[in-house]
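Here is how the chains run, residue by residue.
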Amino acid sequence: MTKATIQSVRQTENAGLFTICFEGDSFTEFQKFILKGHENATLQPDLQKILNAVQHMMNAMGFLERYFRPEGKMRDRVTALPIQSSKLRLYCLRLSDSVLIVGNGGPKATKTYEEDPELNGYVIQLQKLDDLLRLAEAKGEITIETATLSGVDDKQFDI
Amino acid sequence: MKHSNETEQLFQQVLDETPKALKLQVEWSYEIADWIDNLLRSRKLSQKEFAKMVGTSEAAVSHWVGGGHNFTLSTLAKISAVLGVQVISVGNGLCTKTSGNVKK
Numbered sequence: 009m010t011k012a013t014i015q016s017v018r019q020t021e022n023a024g025l026f027t028i029c030f031e032g033d034s035f036t037e038f039q040k041f042i043l044k045g046h047e048n049a050t051l052q053p054d055l056q057k058i059l060n061a062v063q064h065m066m067n068a069m070g071f072l073e074r075y076f077r078p079e080g081k082m083r084d085r086v087t088a089l090p091i092q093s094s095k096l097r098l099y100c101l102r103l104s105d106s107v108l109i110v111g112n113g114g115p116k117a118t119k120t121y122e123e124d125p126e127l128n129g130y131v132i133q134l135q136k137l138d139d140l141l142r143l144a145e146a147k148g149e150i151t152i153e154t155a156t157l158s159g160v161d162d163k164q165f166d167i
Numbered sequence: 136m137k138h139s140n141e142t143e144q145l146f147q148q149v150l151d152e153t154p155k156a157l158k159l160q161v162e163w164s165y166e167i168a169d170w171i172d173n174l175l176r177s178r179k180l181s182q183k184e185f186a187k188m189v190g191t192s193e194a195a196v197s198h199w200v201g202g203g204h205n206f207t208l209s210t211l212a213k214i215s216a217v218l219g220v221q222v223i224s225v226g227n228g229l230c231t232k233t234s235g236n237v238k239k
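Residue numbers (my numbering), protein chains in the order written: chain Y, 9 to 167; chain V, 136 to 239.
Quick caveat, the hints were computed from the structure, so don't treat them as lab data. Just so we're clear, the structure is a prediction, and the values are computed from it rather than from any experiment. Misleading hints may appear alongside valid ones.
Claimed, not checked - Heads up, simulated DSSO-like pairs for lysine-lysine below, C-alpha to C-alpha not over 27 Å straight-line:
hint : chain 1 : residue 1 : chain 2 : residue 2
1    : Y       : K11       : V       : K137
2    : Y       : K147      : Y       : K163
3    : V       : K187      : Y       : K44
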């Protein structure tokens, strides 16, 4: 179990983008995902498509459910942002149409993410965070508001 | 809450490095997706009904409205024909090229 914090990445009028940072890590999970694609000529166009899609959502309609593919279990809010004809996956927690927590991801070479230990690990991280966020929401410690999250300032999550 | 400047800078760097054509492709695919979704809602058409009208699968329509789809002209023409609304227009009007000069 590792302690993690939620950090903000970008905010627009319509949407807020957040990521996770594990204690002792130099990079956030979203940074790790970007660097993976940025340093790989094959993955770079797909990375550009995904990031431009995220930016477009933030400027336009927000993080609408139909843009994302449900992953994880039925009960959680783990989703993937796939781009057609691409194997690159960015795993996210879609908390609302205006709040998205992005995690890590990578190229999906297996039929399901569960068959890939690395991708499975990213999904499990987000599932655990989702459970903890739900608990904190139920206790009233955290509130999902328009484009932001309240109450997570210095909160650490054991993931 | 801590703001990760490094993550935002890296995010912006990738956006800045993206070729203009690819940026437009992404924007248009999401704009068309939203446009189709709005039209289906306003006409109270389900994705299943629309798929049947266009002659495709429900999964294909789900991909169209999911954004990020690389629409072919053939698909856009079918959608336009079925909905009776033109999905795309070319430029601001018809252009014809004569002896190197473009006339509007």
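Inset, instruction - Find the hints from earlier in the document that the structure breaks and name them by number, from lowest to highest. - result: Violated hint (a single one): 3; every other hint is consistent with the structure.
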